[in-house]
Amino acid sequence: MSAHESMEHAEHAEHASGENKKIALLIAVIALFLALSETLGKGAQTESISKNVEASNLWAFFQAKSIRRTVVQTAADQGKLGLGAAGDAAKAALQKQIDEWQKTAARYRSEPETGEGTEQLAERAKHAEEERDHATAKYHHFELASAAFQIGIVLASATIITGMIALAWISGLLALAGLAFTALGIFAPHALHLAL
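Position 16 of the sequence shown, counting from 1, maps to 279 under my numbering, and the rest follow consecutively.
Misleading hints may appear alongside valid ones.
[Unchecked claim] Keeping only pairs whose Cα atoms sit at most 20 Å apart, straight-line, the calculated DMTMM-like set for lysine to aspartate or glutamate is: (1) Lys359 / Glu376; (2) Lys343 / Glu317; (3) Lys314 / Glu379; (4) Lys389 / Glu406; (5) Lys366 / Glu376; (6) Lys354 / Asp340; (7) Lys366 / Glu393; (8) Lys284 / Glu379; (9) Lys389 / Asp340; (10) Lys314 / Glu393; (11) Lys314 / Glu376; (12) Lys314 / Glu386; (13) Lys305 / Glu382; (14) Lys305 / Glu394; (15) Lys314 / Glu394; (16) Lys305 / Asp396; (17) Lys366 / Glu392; (18) Lys343 / Glu363; (19) Lys305 / Glu386; (20) Lys314 / Glu392; (21) Lys389 / Glu376.
[To be verified] Label pairs and their calculated CB-CB ranges: (22) Ala446 / Lys285: 37 to 47 Å; (23) Ala323 / Lys366: 23 to 33 Å; (24) Ala353 / Thr309: 52 to 62 Å; (25) His456 / Ile312: 52 to 62 Å; (26) Glu376 / Ser313: 25 to 35 Å; (27) Ile424 / Gln326: 56 to 66 Å; (28) Ala385 / Ala356: 33 to 43 Å; (29) Glu386 / Ile312: 18 to 28 Å.
Since the hints were derived computationally from the structure, they do not count as laboratory data.
Computed from a prediction, not measured in an experiment: that's the story for all the values here.
By construction, the Cβ of each residue, glycine as well, lies at the ideal position given by its N, Cα and C atoms.
Work out the full structure: start from the sequences and follow the hints.
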């Protein structure tokens with residue numbers, strides 16, 4: 264090998280080394296974005312599960328209150344049927360009991376001071392479902408972002424092996440797509456409907 268060839272080979276190796284450093288930096292930056300999207304995704308997934316459990320619990324409480332209200336209301340209605348056949352003293356006692364049952368049934372329907380009437384429970388459960396759906400939408404965006412970042416890392420790594428710079432450019436574009444999905448997940452999770 265001549266001195267000229269040796270020098271040309273060294274320049275080529277130095278150029279390749281410089282390119283590899285740039286690709287390694289690209290991989291490191293994409294890996295950072297991947298870690299961010301994965302962390303945000305896990306947080307959104309946890310919130311979605313938590314809100315789903317909360318909504319389920321509230322709907323179960325709603326059903327229990329509805330059953331209680333129905334039982335008490337049925338007892339009051341049956342008591343009304345017995346009013347005609349009862350004597351005066353029994354009528355007064357029965358009417359007092361009917362009034363109590365009706366007050367209890369009304370309290371089971373609406374209890375704003377505790378938030379545990381069926382109307383309030385249904386409202387709280389629907390709100391928890393909305394929060395669950397919001398967190399799920401965020402999670403889906405973060406998952407897509409993570410996929411874009413992972414594929415970008417693979418393509419950037421392949422650039423080092425193959426020397427095909429086009430793969431690095433595609434990797435960069437995927438990183439930008441991942442950042443866009445991350446931003447949508449954070450700021451506007453319902454802006455893009457994803458059926459996942």
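Here is how each hint holds up against the structure:
1. Lys359 / Glu376: With a Cα-Cα distance of about 25 Å, the restraint between lysine 359 and glutamate 376 is violated, given a limit of 20 Å.
2. Lys343 / Glu317: 39 Å, violated
3. Lys314 / Glu379: 18 Å, holds
4. Lys389 / Glu406: Measuring from Cα to Cα gives roughly 26 Å; hence the hint is violated.
5. Lys366 / Glu376: Roughly 15 Å separates the two Cα atoms, so the pair holds.
6. Lys354 / Asp340: 14 Å, holds
7. Lys366 / Glu393: 32 Å, violated
8. Lys284 / Glu379: 62 Å, violated
9. Lys389 / Asp340: Violated: lysine 389 and aspartate 340 sit about 31 Å apart, past 20 Å.
10. Lys314 / Glu393: 9 Å, holds
11. Lys314 / Glu376: Violated, at roughly 23 Å.
12. Lys314 / Glu386: 14 Å, holds
13. Lys305 / Glu382: 33 Å, violated
14. Lys305 / Glu394: 16 Å, holds
15. Lys314 / Glu394: 7 Å, holds
16. Lys305 / Asp396: Holds. Lysine 305 to aspartate 396 sits at ~15 Å (cutoff 20 Å).
17. Lys366 / Glu392: Judged against 20 Å, a Cα distance of about 30 Å means the pair is violated.
18. Lys343 / Glu363: 13 Å, holds
19. Lys305 / Glu386: 27 Å, violated
20. Lys314 / Glu392: Between lysine 314 and glutamate 392 the Cα gap is close to 7 Å, so the pair holds against 20 Å.
21. Lys389 / Glu376: Holds, at about 19 Å.
22. Ala446 / Lys285: 37 to 47 Å: 25 Å, violated
23. Ala323 / Lys366: 23 to 33 Å: Since the Cβ atoms of alanine 323 and lysine 366 sit about 25 Å apart, the hinted range of 23 to 33 Å holds.
24. Ala353 / Thr309: 52 to 62 Å: 59 Å, holds
25. His456 / Ile312: 52 to 62 Å: 22 Å, violated
26. Glu376 / Ser313: 25 to 35 Å: The hinted range 25 to 35 Å holds for glutamate 376 and serine 313, with Cβ atoms some 26 Å apart.
27. Ile424 / Gln326: 56 to 66 Å: Holds, since isoleucine 424 and glutamine 326 (Cβ atoms, about 60 Å apart) stay within the stated range.
28. Ala385 / Ala356: 33 to 43 Å: 35 Å, holds
29. Glu386 / Ile312: 18 to 28 Å: 22 Å Cβ-Cβ, so the 18 to 28 Å window holds.
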